[in-house]
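J.: The hints should help you fit chain C onto chain B, whose structure is shown.
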Amino acid sequence: MSQGKNDTNDATGGDEPTPAEAREAEALRRALAGERPESEPPQEALETAALLRYARSAGHLDPARREDLRGRLRSALPGRRRRRWLWALAPLPVVAAAAVLMTVPLSSRQSAAPVSVAPSPPPSPPSPLPLPSPSLLEAQAAAARGDRQALATLDLEMRAYRKAMLDRLLERGGGQRR
Amino acid sequence: VSFDDPAWLAEERQCLGAVRRGDVKAFDRLFEAYAEPLYRRILLPRLGDAAAAEDALSETFRRALERLDGYEDQGKGLWPYLATIAVNQAHDVHRQRARGGRALASFEALLAPLQSASAPSPDDAPDAAGLRSTVARVLDALNPRYRRVIELRFLEERGRDECAALLEIKLGTFDVLLLRALRGFRRRWQEIVGGPPEGL
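If you read the protein sequences in the order shown, they are chains B and C. In terms of the numbering used here, the first sequence has 49 at position 44, counting the first letter as 1, and numbering is strictly consecutive. In terms of the numbering used here, the second sequence has 178 at position 47, counting the first letter as 1, and numbering is strictly consecutive.
Hints listed in this document are in silico derivations from the structure and should not be mistaken for laboratory results. Predicted model only: the values in this text are computed from it and were never measured. One should not assume that every hint holds.
What the hints assert, rightly or not - Chain B is faced by these chain C residues, among others (derived, beta-carbon under 7 Å):
#1 Glu167
#2 Ile216
#3 Leu262
Here a beta-carbon is modelled for each residue, glycine too, at the ideal position from N, C-alpha and C.
Next up, chain B with everything else stripped away, as it sits in the complex (with noise of 0.2 Å):
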């Protein structure tokens, strides 16, 4: 490993580098960016980089981290840990309770209604409503353990899983979407 000029010879610093040590700080460069370099970065050299980042933020503990940690890890608790999976389905009532109160509008509006002059035909049995789909479930529980990236899986199959729900309801009560 080339170990560059002694910096008392190279004060300009304008001395043309080596391939060797043109391949290194190309690859210290991708290390210190965060991407992988193609070949083995510098190591004293990364680790003094390092060094001097510390001793610039003095090592603190970023606080708005401090406090997502200690959010999360407020439910890893003795006595929270087992309650975990009932937070997990804590948003099932609320589904439920939504598609009750989107339905019983709807019955409510066809039994009103008018009695048809002319014979309809009868009502076909009412399409089961959607459950939720196990990634939707998954999605629930990795959240609740904390998991920040699961977060937007979530919000993903919850569109998914509310959609299909208002679709059903839609076409169980004749209405259309507004």
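T.: Same frame as chain B, but now just chain C:
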């Protein structure tokens, strides 16, 4: 007050009992006391990367909570117990990263000559001023061009493009200059502060 102070140990024992019953406030007190010293004194110097050190800190507390029933108070308090978990956690992270071809840079050995051997305190304030003045002393001993490169990139946290523009050099030249500056800094650090021999 340090972590081996009798008054702190008594408070800690009370907190531990409450944490075993799921008391959030007691956990918060212990987390407040230990999170920062574990991060600053053990995890960040060993891992050299803030994100990796934060993850390791989370895992350290998680493991400690999972093993809380097996923890036996030997009169020394939680610090040695947590510190051991944190050190092991740092080793695990190094192994995982090495397997993935993304080794982390530990600067623990460089920092060691500046760290006191005493147990940290619950209100552990880093000797930030001392560390910064040491860095300044080492920078003063460096040739001005290397010093400027380090100041721009690491102390002023300027982007690579901006650094190269300010120094009126090409990006590739800046990368080489930065490598040389870091190596020069390390040599001076070892002369002035001490630390591991070059190449280790």
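J.: Of all the hints numbered above, which does this structure not satisfy? Sort the numbers upward.
T.: 2
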